[in-house]
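Residue numbers (my numbering), protein chains in the order written: chain A, 1 to 479; chain B, 1 to 94.
Rather than coming from a laboratory, the hints here were simulated on the basis of the structure. What you are looking at is a predicted structure, and each value in this text was computed from that prediction instead of being measured. We put the CB at the ideal spot given by N, CA and C, even for glycine. Zero decoy hints are in this set.
Covered by chain B, according to a simulated footprint, are these stretches of chain A (three or more residues, beta-carbon under 8 Å): (1) 32-42; (2) 54-67; (3) 120-132; (4) 143-156; (5) 280-289.
Lysine-lysine pairs mimicking BS3-like chemistry, simulated, CA-CA at most 27 Å apart: (6) A/K129 / A/K193; (7) B/K58 / A/K88; (8) A/K161 / A/K325; (9) A/K79 / B/K8; (10) A/K88 / A/K219; (11) A/K345 / A/K394; (12) B/K8 / B/K25; (13) B/K28 / B/K42; (14) B/K8 / A/K88; (15) A/K437 / A/K460; (16) A/K387 / A/K336; (17) B/K12 / A/K79; (18) A/K336 / A/K381; (19) B/K58 / A/K79; (20) A/K394 / A/K409; (21) A/K133 / B/K17; (22) B/K12 / B/K25; (23) B/K58 / A/K296; (24) B/K12 / A/K133; (25) B/K12 / A/K219; (26) B/K58 / A/K297; (27) A/K215 / A/K161; (28) B/K12 / A/K88; (29) B/K17 / A/K88; (30) A/K193 / A/K219; (31) A/K72 / B/K58; (32) B/K8 / A/K215; (33) A/K79 / B/K17; (34) A/K325 / A/K394; (35) A/K129 / B/K12; (36) A/K215 / B/K12; (37) A/K309 / A/K325.
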Amino acid sequence: MNMVPTIGIETHVELNTNSKMFCKCAVVETENPNESLCPTCLGLPGALPVPNLKAIESITMLALSANCAITKNGMFHRKNYFYPDLPKNYQISQFDLPVGVDGSIEIILNETKEIVEIERVHMEEDTGKSIHKGSGRIDSATSTLLDFNRSGVPLVEIVTKPVIKSSKEAVSYIEELRQLVIDLKISEGKLEKGNLRFDANISVAQEGDNELGVKVEIKNMNSLRSLEKAIDYEIKRQTKLIESNEVIIQETRHWDEDKEVTSSMRSKEGSADYRYFSDPDLPNMILSDEFIDNIKKTIPILPSEKRDKLSETGLSISESNYLSKSEEWIYDLFLKTQKITNDTKSTFNLITGELQGQLRKAGTEELPEWFTSERLSEIIKMINENKISFTSGKEILTNLIKNEIIPTKYAEDNNLIQDNDSDEIAKIVQNVIESNKEVVERIKDGEEKLVGFLVGQIIKSSKGNINPSIAKDLLLKEL
Amino acid sequence: MKKDIDIKSVAKLAAIKLTDADEKKFEKDLNIILEHVDALSKMNIEDEEINIHPLGEKLNLREDVSSEFLTHDEAMSNSPETEDGHFVVPPSLD
Numbered sequence: 001m002n003m004v005p006t007i008g009i010e011t012h013v014e015l016n017t018n019s020k021m022f023c024k025c026a027v028v029e030t031e032n033p034n035e036s037l038c039p040t041c042l043g044l045p046g047a048l049p050v051p052n053l054k055a056i057e058s059i060t061m062l063a064l065s066a067n068c069a070i071t072k073n074g075m076f077h078r079k080n081y082f083y084p085d086l087p088k089n090y091q092i093s094q095f096d097l098p099v100g101v102d103g104s105i106e107i108i109l110n111e112t113k114e115i116v117e118i119e120r121v122h123m124e125e126d127t128g129k130s131i132h133k134g135s136g137r138i139d140s141a142t143s144t145l146l147d148f149n150r151s152g153v154p155l156v157e158i159v160t161k162p163v164i165k166s167s168k169e170a171v172s173y174i175e176e177l178r179q180l181v182i183d184l185k186i187s188e189g190k191l192e193k194g195n196l197r198f199d200a201n202i203s204v205a206q207e208g209d210n211e212l213g214v215k216v217e218i219k220n221m222n223s224l225r226s227l228e229k230a231i232d233y234e235i236k237r238q239t240k241l242i243e244s245n246e247v248i249i250q251e252t253r254h255w256d257e258d259k260e261v262t263s264s265m266r267s268k269e270g271s272a273d274y275r276y277f278s279d280p281d282l283p284n285m286i287l288s289d290e291f292i293d294n295i296k297k298t299i300p301i302l303p304s305e306k307r308d309k310l311s312e313t314g315l316s317i318s319e320s321n322y323l324s325k326s327e328e329w330i331y332d333l334f335l336k337t338q339k340i341t342n343d344t345k346s347t348f349n350l351i352t353g354e355l356q357g358q359l360r361k362a363g364t365e366e367l368p369e370w371f372t373s374e375r376l377s378e379i380i381k382m383i384n385e386n387k388i389s390f391t392s393g394k395e396i397l398t399n400l401i402k403n404e405i406i407p408t409k410y411a412e413d414n415n416l417i418q419d420n421d422s423d424e425i426a427k428i429v430q431n432v433i434e435s436n437k438e439v440v441e442r443i444k445d446g447e448e449k450l451v452g453f454l455v456g457q458i459i460k461s462s463k464g465n466i467n468p469s470i471a472k473d474l475l476l477k478e479l
Numbered sequence: 001m002k003k004d005i006d007i008k009s010v011a012k013l014a015a016i017k018l019t020d021a022d023e024k025k026f027e028k029d030l031n032i033i034l035e036h037v038d039a040l041s042k043m044n045i046e047d048e049e050i051n052i053h054p055l056g057e058k059l060n061l062r063e064d065v066s067s068e069f070l071t072h073d074e075a076m077s078n079s080p081e082t083e084d085g086h087f088v089v090p091p092s093l094d
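Using the sequences plus the hints, can you model the full thing?
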């Protein structure tokens, strides 16, 4: 029997506002616990929440970019629960009237465009951080330490419909969402800092079944790698249970990064157990047409639009996808340089290969202002026209990163222009053959790899400015 | 519409311990409250505009400007137990 997995992803995105969602406390990055607190985010009696305009603008921008319908007359609800990570005993969240509903996000999977349908995009507040003290295992802790610095930081939850079919698709979706919030400049989007956190709802059913299987929620996946592994593990676990006619329990399971297994945390509350009710402290949130139109005007070019633009230059879908998820300046540099060189492949290869590699080695992420698309194009053109070798091109690139040079002038000044004059090269070839008679004999006896050695000798005696392919052709003719 | 109260589940969600006697008492009380509220479902509201929120006013939003309110020591001052600058509470999951 053939099993089909169905996956839905809930992602929490921490917004990059200055202040918290419902109070003026600063959003801080500090190791010192409980530094940025006030009566509102400590849940002290009588404190009243006032929502952050920037956060509402950010979530509206995200919802619009994810093609959602915007709820113009929305509201906040209280989600009641008793974990100590929020001291009010409830989290201010949204229930049946979230900011955005019924959206879609385009992702790239195996060289094709796929659509992931979005169920809802809603606004809420982050919880504090808990440290469980004791034997190390979360379920045998002796006490819990609480830091409320994060309590009340604006958090957007994006929930997909159960439409994702594989761990690879889930990873591609998170990569896309991450790029989207970075391009919209509403979040730092750093997974390692917890700016993006995701849970996966996974069920497995027999192919052809109209109903989905029992849903299991997986938590504690901290990286794309653990997301992929946890989903694959859970699909296998559920498939095994079904095949041996065992029951799958609806529950929340914890991904154990070290053991690479999921284990049961607690039985999952139904929505009714959270006893949602409208927050009496917060009146309806009206988003006017004017407000929404103004937000629309501030939306920058989206990753999917970048890909379309890149594909027009002749890049493949995955190459376009790669550049759409690179730094903004790499995307710009490629488009500008490609326009001048009109050579998509060479431009893509030099930027994503040699240039990015050299920058990584140098430990920098930025280019100096003199590093223009015009100067980069000069290098690409010289290589393509065989005026310089690729090795010389790399050398010029290295120098252009460090110093303000004109590549064409640098090539001339440093004697890098290749000699394409066959007569000149032929003389050198003849000399090299004369002085390496033994090697020539061995080549004639079948040791073909020694041809490379002779080409090297030719280039060496020309001080490196001979076009190697011409030298090789001439050498082979002579042999 | 009215359903009988499951007092054990309500007590669990409210994180309170009830004795058998408490359970009987609160079960009765809560059922009386439900009966009262149930009267609402008998109302004819077909022609009424739905008011989804008790407050009719529009929500006021605040500019994203931060300011300090409590110092660390002030924030911790009412806590019965602290450790390394943290509030300490009984062990809890999630």
